[in-house]
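Asker: Based on the hints, put chain B in the right spot on chain A.
There are 2 protein chains.
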Amino acid sequence: MSDERPDGAAAEGTDPAEVAPDGWPVALRGVTESVVTTLGPNDRWNVAALGLHAPDSSEGVVTARTYGRTRTWRNFAERGGGVVQFTVDPRTFVDAALTVREVDEPVLPGADAWVEVRAERVSAETEGDTTIRTWELKPVEAEVVAERVPTVNRGFGAVVDATVAASRLDVPAFDTDELVERLEYFADVVERCGGPAEREAFARIDEATGWRERLGGT
Amino acid sequence: MSDERPDGAAAEGTDPAEVAPDGWPVALRGVTESVVTTLGPNDRWNVAALGLHAPDSSEGVVTARTYGRTRTWRNFAERGGGVVQFTVDPRTFVDAALTVREVDEPVLPGADAWVEVRAERVSAETEGDTTIRTWELKPVEAEVVAERVPTVNRGFGAVVDATVAASRLDVPAFDTDELVERLEYFADVVERCGGPAEREAFARIDEATGWRERLGGT
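So the sequence lines, in the order shown, correspond to chains A and B. Read left to right, the first sequence gives residues 1 to 218 (the UniProt record's numbering). Read left to right, the second sequence gives residues 1 to 218 (the UniProt record's numbering).
Excised from the complex, chain A in its bound form (with noise of 0.2 Å):
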């Protein structure tokens, strides 16, 4: 609390490590949270929420992984890519995260930036049951659509993370009652500190997992 640090440009700012891949329309760091849209047998775009890891530099190749069969892991397999798009609306988060949804269009109504990318496989691995599928999603296509002044609000990082928390209460891997003591934690955030959309998001997460039954221990 009385650590004292001098003036200056190297506490802040653009990090020069922060560009965006050859290709893509974002810079990318770490894990990027993304949205992705891949055509079905059906003929309509599923939308499922997509973690994307940073190259170690802007010539590397963003990499993303599938967990066992899912519908993304299945239509990158059947049709070779999909479209990745970066939205703030965190009820997109959780529809894509904990429900079904398909659309007729690839590009989302509240995407503010998307890339059409290849992906391929490069590796699997095993956990348990499920199978880990790595994928190198190499940018065909980019358009940026909004750009903004990015602001905070701890409401819509607590939804994020309890869309995480929520898919994972029926994995064996993980204790329930942790999980479902970081959603009471989430849930107060949304609470205090979110505004209309992260309280329609988080009523999603309600309704998706009713994790709310489980409160009180198992």
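Rather than coming from a laboratory, the hints here were simulated on the basis of the structure. Glycine included, C-beta positions come from ideal geometry on N, C-alpha and C. Each hint should be verified, as a subset may be incorrect.
[As the list claims (entries may be wrong)] Quick look at which bits of chain A chain B covers, simulated, 3 or more residues with Cβ under 8 Å:
#: 1; region: 27-41
#: 2; region: 159-169
#: 3; region: 185-197
[Unchecked claim] Derived Cβ-Cβ restraints for the label pairs, each shown as a range:
#: 4; chain 1: B; residue 1: L215; chain 2: A; residue 2: E184; range: 46 to 56 Å
#: 5; chain 1: A; residue 1: D175; chain 2: B; residue 2: G210; range: 26 to 36 Å
#: 6; chain 1: A; residue 1: R71; chain 2: B; residue 2: V122; range: 44 to 54 Å
#: 7; chain 1: A; residue 1: R71; chain 2: B; residue 2: E191; range: 26 to 36 Å
#: 8; chain 1: B; residue 1: G128; chain 2: A; residue 2: A77; range: 52 to 62 Å
#: 9; chain 1: A; residue 1: R212; chain 2: B; residue 2: R192; range: 22 to 32 Å
#: 10; chain 1: A; residue 1: V61; chain 2: B; residue 2: V140; range: 41 to 51 Å
#: 11; chain 1: B; residue 1: E78; chain 2: A; residue 2: P172; range: 53 to 63 Å
#: 12; chain 1: B; residue 1: E59; chain 2: A; residue 2: E207; range: 28 to 38 Å
#: 13; chain 1: A; residue 1: E125; chain 2: B; residue 2: R121; range: 50 to 60 Å
[Said to hold, decoys possible] Some chain B residues close to chain A (C-beta under 7 Å, calculated; not the full set):
#: 14; residue: V26
#: 15; residue: R29
#: 16; residue: T32
#: 17; residue: F86
#: 18; residue: V88
#: 19; residue: R148
#: 20; residue: C193
#: 21; residue: G194
Answerer: Only chain B this time, still in chain A's reference frame:
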């Protein structure tokens, strides 16, 4: 997990309620996390975290709270205002919330937008030994410096929430074990999803609070 949602624009997109309050450079909803600089008696600008409470309509007034006898409280009272800024550099949030930082210029190099505000105290309540004051913030002058496609990084959200938990470690009303457990979770998220800026920011939380020494219970 089986909730099917019909295709449609109602599922997402910019919320109609989300417009910038008159004179503000960005739209606000719920509580938006900002950084404020206020001029101290030494004629340097103190950098602190400030949660902005959105008004009910675009004609309403933005409010913020100060907790106890902080530098922001003192400088708001003595100087009548400060400069609110919007940034997504996680290091800036940590420095603002957990360290004493003073700079020569009111606008930080990492600010994407700023607004000079007049601060008027409108109410006060007492919680334990702490006087919580509510201030109305009225915009004087504002500038948008940089716009971009916002991206979502769970590590960033974890840093912001961790600064909140870390700042409560020595507040008697909060359970230390619970805060430390939460910090462990955030540290893990930063490790797995953060970029270089998030890792650096989290190292500053470690350094400023020494919370890891409390691991394993009190």
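Asker: Evaluate each hint against the coordinates.
Answerer: Verification of the hints:
Check result for the region 27-41 of chain A against chain B: holds, 8 residues qualifying (beta carbon to beta carbon below 8 Å, three or more required). Given a C-beta distance limit of less than 8 Å, the hint that chain B covers the region 159-169 of chain A holds, as 3 residues qualify and 3 suffice. Counting residues of the region 185-197 of chain A whose CB lies closer than 8 Å to any CB of chain B gives 8, which reaches the minimum of 3, so the coverage claim holds. For the pair B/L215 and A/E184, the supplied restraint of 46 to 56 Å is violated, since their beta-carbon distance comes to about 22 Å.
The hint said 26 to 36 Å for the Cβ distance between A/D175 and B/G210, and at roughly 28 Å that hint holds. Checked against the hint of 44 to 54 Å, the pair A/R71 and B/V122 passes, with Cβ atoms roughly 52 Å apart. The beta-carbon spacing between A/R71 and B/E191, approximately 29 Å, falls within the hinted interval of 26 to 36 Å. Distance hint check: the CB atoms of B/G128 and A/A77 are about 59 Å apart, consistent with the given range 52 to 62 Å.
Taking 22 to 32 Å as the suggested C-beta distance range, the pair A/R212 and B/R192 conforms, at roughly 27 Å. Remark: the range hint 41 to 51 Å for A/V61 to B/V140 is upheld by a beta-carbon distance near 48 Å. At roughly 59 Å, the beta carbons of B/E78 and A/P172 sit within the given window of 53 to 63 Å. Between B/E59 and A/E207 the beta carbon distance is about 34 Å. The supplied range of 28 to 38 Å therefore holds.
In this structure the hint that A/E125 and B/R121 lie 50 to 60 Å apart at CB holds, the actual value being about 58 Å. The restraint placing B/V26 at the interface with chain A holds, with a minimum CB-CB distance near 5 Å, inside the 7 Å limit. Hint status for B/R29: holds, given a least beta-carbon distance of 3 Å to chain A, under 7 Å. Satisfaction of the interface hint for B/T32 is found here, the shortest Cβ-Cβ separation to chain A being roughly 5 Å, below the 7 Å cut-off.
The criterion of a C-beta within 7 Å of any C-beta in chain A is met by B/F86, whose closest approach is roughly 6 Å, and the hint holds. Hint status for B/V88 relative to chain A: holds, with the closest Cβ pair at about 5 Å, below 7 Å. Here the hint on B/R148 is kept, as its CB sits about 5 Å from the closest CB of chain A, short of 7 Å. The beta carbon of B/C193 comes within 4 Å of a beta carbon in chain A, closer than 7 Å, and the hint placing it at the interface holds.
Interface restraint check for B/G194: the shortest CB-CB distance to chain A comes to about 5 Å, inside 7 Å, so the restraint holds.
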